[in-house]
Amino acid sequence: MKAALRRFGPRAALRRFGPRRLEPESPLRLVLLLCSFALTGYAGLRLLSGDWFGILLWIVGAAILHDLVLLPLYALADRAVGAALPAAARWINHVRVPVFLSGLLLLVWFPLILGRQERRYENATGLSADVFWPRWLLITAGLFAASAVWLAIRVVIRVWRRRPGPRRGAPAAGERKPPAGPARPSRP
Amino acid sequence: MSHPPRTHRDRRALWRSPLRGPWLTSVFGVILLFGLPVLFVTGLLSYAAYNPELSPVNDQTPDKGLLGFYLFTWPTNPSWLYRVNQGVHVTLGIVLVPVLLAKLWSVIPKLFTWPPVRSVGHGLERLSLLALVGGGLFEFATGVLNVQLDYIFPGSFYPLHFYGAWIFMAALVVHVALRFPTMVRALRSRDLRAELRTRAHDTTPEPPDETGLVSPQPAAPTMSRRGALAMVGTGSFALLVVTAGQSIGGSLRETAVLAPHGRNPGSGPNGFQINKTTMAVGIRARDIGPDWRLTVRGTTGRETVLTREQLLRLPRHGAALPIACVEGWSTSDQRWDGVRLADLAALVGHADRPPRVLVESVQRHGSFRRVVLSDVQVRDPRSLLALRVNGADLSPDHGYPARVIVPGAPGVHNTKWVGRLTFGNFEETA
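From first to last, the protein sequence lines are chains C and B.
Quick note on the numbering used here: the first sequence kicks off at 1 and runs consecutively.
Quick note on the numbering used here: the second sequence kicks off at 1 and runs consecutively.
Please note that a few of the clues may not be correct.
[What the hints assert, rightly or not] Derived CB-CB ranges, DEER-like: (1) Leu73(C) to Val41(B): 33 to 41 Å; (2) Leu73(C) to Gly65(B): 20 to 28 Å; (3) Ser128(C) to Arg316(B): 31 to 39 Å; (4) Leu68(C) to Tyr151(B): 24 to 32 Å; (5) Gly123(B) to Asp130(C): 28 to 36 Å; (6) Gly103(C) to Ser189(B): 46 to 54 Å; (7) Leu56(C) to Gly301(B): 45 to 53 Å; (8) Ser332(B) to Gly103(C): 31 to 39 Å; (9) Leu151(C) to Ser332(B): 20 to 28 Å; (10) Pro115(B) to Pro27(C): 22 to 30 Å; (11) Thr295(B) to Asp130(C): 49 to 57 Å.
Derived by calculation from the structure, the hints in this document are not laboratory data.
Cβ coordinates follow ideal geometry from the N, Cα and C atoms, glycine included.
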């Protein structure tokens, strides 16, 4: 049992199938890929039995749209915000995080939020479809408000800590001492 | 600190985040490694729940061949089986969206490696990655759109999502096999707890390695790795909060503020979720008025036609059962009251061991006008032709004059506005 574990256990597998053994041209790697393509072909023939062009367009298009349009777009937007803010703005994440969360909710629930199938939705569920966009706006407003409050609290705490004076600004014994070694670098 | 040699065409320098690196990618990867198999298995189970082997009427993905190897007769116990399965499938799928996006974000420099194809093996792997990324996004997109009734995808949801899942899984298995050792090494390279204590301004890039994920020209950090993980985690949590209530039901339903079934249509005994109103499927008043009749037929050629009053005089039974939809919402148990399917089978000569039944609705359109229920489903004493719910008559939108309710079955198999039951062998093309 132990010998078997040594030969076939996870460590042995790691050794055997480690990245070195799976160089791009290693036979095992090619066999794995070909097996995967066989299954893709089998399922793909069935998947593409309808509007094959439309389906291919969707699958390849999804990868292209995400990798070459959406992702560069939000990377650029992020960089633009970073460039627009004063150097080393410590509050960039107070913009970044609510934008990300709000955008994420929109990305997942956009058909409802934008009312794309309003009639169909109301027919199917017996519910009104016009509640979603106000809710999303409210959530977005709430996220930004929470982020702003959080930023305000951080600023107040920092100001309070830096305030000169023997008692109020001084840290309580044992607390808030900067760690040994290089002190927290002060921002230029 | 030496980077791998760069050629003048190296486009990786485009990507400057100091957070990208094998460790961060592996953290997202390991979450997906647990999540995606759950999605796959619950998805296959969901398909099995339709009992597609029973009849072409039930089969939403014809010609599945070997891909239907795991099909089995769907059980009626526990009655919440489909409810939990589908709630997990849809809610988890939605919750994993930010993790999927973060994982793709973390590996984007790989898309621009140069030369794009170094060898046959490398070319094949990149082709497989196209199936992985395209197939994965396709699965998530079709799922998210279907839940919101936005049928813009090119074909019927069931075969697209089903065969697409197999293509995605084929690429995922090979991707995991090729990358697993790298992932394990990367996860071991940094201490998670130390990482969770590191602030933004102490964050340094991961040391360059052969993965090519680490930026050769990293920008100054504006966010820590713990910040990035927290942001993605908060995204997942936010989606969970605005979604899960439609599946959990009860007082939590209202918390699902962005999900399609986060509210109840009205109050009272019939104030619970509907997925097709009479209007949506073209039911006219006279289809379900006093002239409505239920035709029950058996193999022996025996047939009986019943009015609603006659049905109400048959021995009636109660059952507390949920309704759960493929789209991920469900109701808590409703108290149904009606005639057992087994008793109706007995009326037409199937007193012992009643067989399967073809259920036909009076509705004019919609893909689930007809379904076949298995003998296991017919024989369960809780399987009813329901006439009343929660102490009141069914509302028209809930299937008045009579609907089927079966424990553990997908919502669309709980046929509403039933007009005909055919037990045993039947002409499926009728």
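So, going through the hints one by one against the coordinates:
no., hint, verdict
1, Leu73(C) to Val41(B): 33 to 41 Å, "holds, 34 Å"
2, Leu73(C) to Gly65(B): 20 to 28 Å, "violated, 41 Å"
3, Ser128(C) to Arg316(B): 31 to 39 Å, "holds, 36 Å"
4, Leu68(C) to Tyr151(B): 24 to 32 Å, "holds, 26 Å"
5, Gly123(B) to Asp130(C): 28 to 36 Å, "violated, 50 Å"
6, Gly103(C) to Ser189(B): 46 to 54 Å, "violated, 31 Å"
7, Leu56(C) to Gly301(B): 45 to 53 Å, "holds, 50 Å"
8, Ser332(B) to Gly103(C): 31 to 39 Å, "holds, 33 Å"
9, Leu151(C) to Ser332(B): 20 to 28 Å, "violated, 41 Å"
10, Pro115(B) to Pro27(C): 22 to 30 Å, "holds, 23 Å"
11, Thr295(B) to Asp130(C): 49 to 57 Å, "violated, 42 Å"
Hint violations for this structure: numbers 2, 5, 6, 9, 11, all remaining hints satisfied.
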